[in-house]
Amino acid sequence: MATKASRSAARLMMAPAVILLLGWMLVPLCMTLYFSFKKYLPLRGGDLGWVGFENYVRFFSSSAFWPSVQATLVIVGGVLVITIVFGILLAILLDQPMWGQGIVRILVIAPFFVMPTVSALVWKNMFMDPVNGLFAHLWKFFDATPIEWLSQASMTSLVIIVSWQWLPFATLILLTAIQSLDSEQLEAAEMDGAPPLSRFGYITLPHLSRAITVVVLIQTIFLLSIFAEIFVTTQGSFGTKTLTYLIYQRVLESQNVGLGSAGGIFAVILANIIAIFLMRIVGKNLDA
Amino acid sequence: MGQITLQQVTKKFGDVQVIPPLDLTIEDGEFTVFVGPSGCGKSTLLRLIAGLEDITSGTILIDGADATAISPAKRGLAMVFQSYALYPHMSVRKNIAFPMRMAGIDKAEQDRRIEQAATALNLTDYLDRRPGQLSGGQRQRVAIGRAIVREPAAFLFDEPLSNLDAALRVGMRLEISELHKRLETTMIYVTHDQVEAMTMADKIVVLRAGHIEQVGSPLDLYRTPRNVFVAGFIGSPKMNLIEGPEAAKHDAHTIGIRPEHIDVVESGGLWEGRVGVAEHLGSDTFFHVHDTGLAEMMTVRVAGEVNLRHGDRIHLNPRADQIHRFDDKGLRIQ
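Top to bottom, those sequences are chains A and B.
Note that the UniProt record's numbering gives residue 142 to position 142 of the first sequence, counting from 1, and the numbers run on in steps of one.
Note that the UniProt record's numbering gives residue 149 to position 149 of the second sequence, counting from 1, and the numbers run on in steps of one.
I should point out that these hints are in silico values taken from the structure, not numbers from a laboratory.
In this text, all values refer to a predicted model and were calculated from it rather than measured experimentally.
Cβ coordinates follow ideal geometry from the N, Cα and C atoms, glycine included.
Be careful, since some hints might not be right.
Calculated from the model, a selection of chain B residues having no Cβ within reach of chain A, i.e. all distances over 12 Å [said to hold, decoys possible]: (1) G29; (2) G58; (3) D63; (4) K94; (5) N95; (6) D158; (7) A209; (8) D263; (9) H288; (10) N307.
Covered stretches of chain A (chain B as the covering partner; in silico rule of three or more C-beta atoms under 8 Å from a C-beta of chain B) [what the hints assert, rightly or not]: (11) 181 to 191; (12) 203 to 212.
Here are the simulated SDA-like cross-link-like pairs (lysine to any residue), alpha carbons at most 25 Å apart as the crow flies [stated by the list, open to error]: (13) K39/A with F60/A; (14) K94/B with D182/A; (15) K74/B with K39/A; (16) K94/B with P195/A; (17) K107/B with S198/A; (18) K74/B with F60/A.
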């Protein structure tokens with residue numbers, strides 16, 4: 001990439017991708033910005049003109065706003081903790097030599113290939129159904145009253161479902177990181193007198209820090225926008241209305257495009273703030 | 001103290017016997033080198049002593065006490081790995097302190113020993129750097145420092161110089177030798193490089209396929225190799241091994257003569273051949289001699305510069321008293 005010719009050739013060849021990306025991202029963003037300053041009710045009169053910041057004020061002052069931010073953060077945080085803790089444990093287990101390793105690894109990754117809608121439906125009907133669900137049967141077996149998962153423990157249920165989907169991703173990334181750990185380092189620590197837990201704490205965990213950073217960053221970006229799991233299970237009731245779901249309701253159920261767009265812009269800003277924070281906190285790990 | 005005794009030690013990986021029953025004693029304060037071609041089991045043997053691999057049968061004694069079932073950490077041995085195995089996220093100081101921290105040694109004593117090791121190894125200026133910011137030689141010294149501070153009964157080195165460039169290797173070889181002279185601690189050193197073995201060892205253990213071929217001082221092995229394998233392995237360039245009628249003249253199946261024990265004469269030598277490649281090193285010249293009718297290729301070492309070129313005829317005279325004789329099993333005939 002040294003010569004002038006090769007540099008301009010590179011620019012030329014990258015151009016289609018860059019233009020496509022810009023179009024894909026910038027056009028919707030600008031349209032959302034545009035609509036967020038309008039009163040736009042498709043079924044009730046259409047475009048009713050500019051309204052300034054009124055949509056924003058209404059969106060933020062709505063009683064559903066702060067609970068939705070909280071719900072979003074709880075889901076993101078809960079899923080992150082569960083996927084990383086169990087991801088590390090699973091990765092360590094899968095790293096051990098065992099019979100049928102290849103098949104086990106594929107099975108572990110499998111949930112990631114299941115579409116969110118499908119996996120949420122499977123969880124809802126097969127496991128969490130208060131009458132026929134497997135959990136209900138388990139509870140009855142112990143003579144306990146089955147929990148109505150999606151209404152009594154709606155947040156927990158959602159976190160479990162989403163964690164199940166994202167655990168394979170975390171496990172996969174952490175497993176490759178564990179495999180790249182130089183076994184001589186562990187042996188050196190063993191010779192240096194470190195018991196297994198110390199070896200994990202002083203050698204394995206620091207080695208994984210970069211992979212954990214990657215998992216946190218990528219999962220946060222995707223978890224902020226989970227939608228299908230809520231849509232097919234609770235429909236946003238029982239305190240599971242996340243920011244994404246609230247915006248969806250404003251746009252499609254209330255048919256208020258302007259109000260929803262204002263929420264969308266807030267979501268974009270929130271995502272960026274979180275991303276910046278994460279980069280600041282964990283950026284050190286990516287540099288080192 | 002650091003006397004290590006192996007009694008009838010064996011190691012199997014699955015069905016493969018890597019180390020057949022083996023007996024060996026390493027005396028306190030000795031610099032012992034395990035040398036052999038790759039795959040001969042020398043690293044495995046070292047790992048057995050370290051405790052990183054379990055032995056299949058036999059006994060390992062350290063200072064007379066049975067250490068076979070003792071965990072690596074409790075054996076009081078320190079190991080320097082081929083890859084150095086430094087902890088990349090810790091500073092040099094923390095790396096060196098790690099074994100002491102694990103042993104629960106108090107902070108003041110830790111600092112004292114780190115200071116001492118850093119001074120001895122010229123690491124004082126680098127204590128706050130990470131291993132990634134150090135050169136190969138410096139990393140090597142950190143690994144040695146981490147071993148020293150434990151004040152072990154013996155040091156185990158697993159091919160520690162193989163990742164360094166040639167010049168640095170010679171330097172580190174000297175440093176390790178000097179360290180041994182100063183500490184007078186038992187050291188076991190694994191290498192495939194017979195030059196390292198010859199220059200550093202008090203005692204060399206030559207291994208092949210897990211078997212000990214010969215144990216002895218470097219010069220013992222050089223002067224009286226016990227069999228053809230040791231004869232060919234020790235010495236650089238390799239000893240010339242000749243079979244057939246020429247060997248029969250000496251009542252042997254194989255005879256061996258080192259390149260430095262063959263004289264080049266103007267004419268009338270016992271052997272004659274054609275010069276192939278000539279390696280002119282200045283101090284020495286190595287000739288690869290072909291068409292002697294004795295062996296495919298013979299190597300001859302001549303001190304200084306000799307003006308013979310590719311394709312020239314060369315006349316050779318072996319020194320009769322330096323011919324090694326081996327029987328049909330490859331064993332030395334006295």
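Evaluation of the provided hints:
{"no.": "1", "hint": "G29", "verdict": "holds, 21 Å"}
{"no.": "2", "hint": "G58", "verdict": "holds, 21 Å"}
{"no.": "3", "hint": "D63", "verdict": "holds, 18 Å"}
{"no.": "4", "hint": "K94", "verdict": "violated, 9 Å"}
{"no.": "5", "hint": "N95", "verdict": "violated, 10 Å"}
{"no.": "6", "hint": "D158", "verdict": "violated, 9 Å"}
{"no.": "7", "hint": "A209", "verdict": "holds, 24 Å"}
{"no.": "8", "hint": "D263", "verdict": "holds, 48 Å"}
{"no.": "9", "hint": "H288", "verdict": "holds, 39 Å"}
{"no.": "10", "hint": "N307", "verdict": "holds, 48 Å"}
{"no.": "11", "hint": "181 to 191", "verdict": "holds (count 8)"}
{"no.": "12", "hint": "203 to 212", "verdict": "holds (count 4)"}
{"no.": "13", "hint": "K39/A with F60/A", "verdict": "holds, 16 Å"}
{"no.": "14", "hint": "K94/B with D182/A", "verdict": "holds, 19 Å"}
{"no.": "15", "hint": "K74/B with K39/A", "verdict": "violated, 76 Å"}
{"no.": "16", "hint": "K94/B with P195/A", "verdict": "holds, 17 Å"}
{"no.": "17", "hint": "K107/B with S198/A", "verdict": "holds, 19 Å"}
{"no.": "18", "hint": "K74/B with F60/A", "verdict": "violated, 64 Å"}
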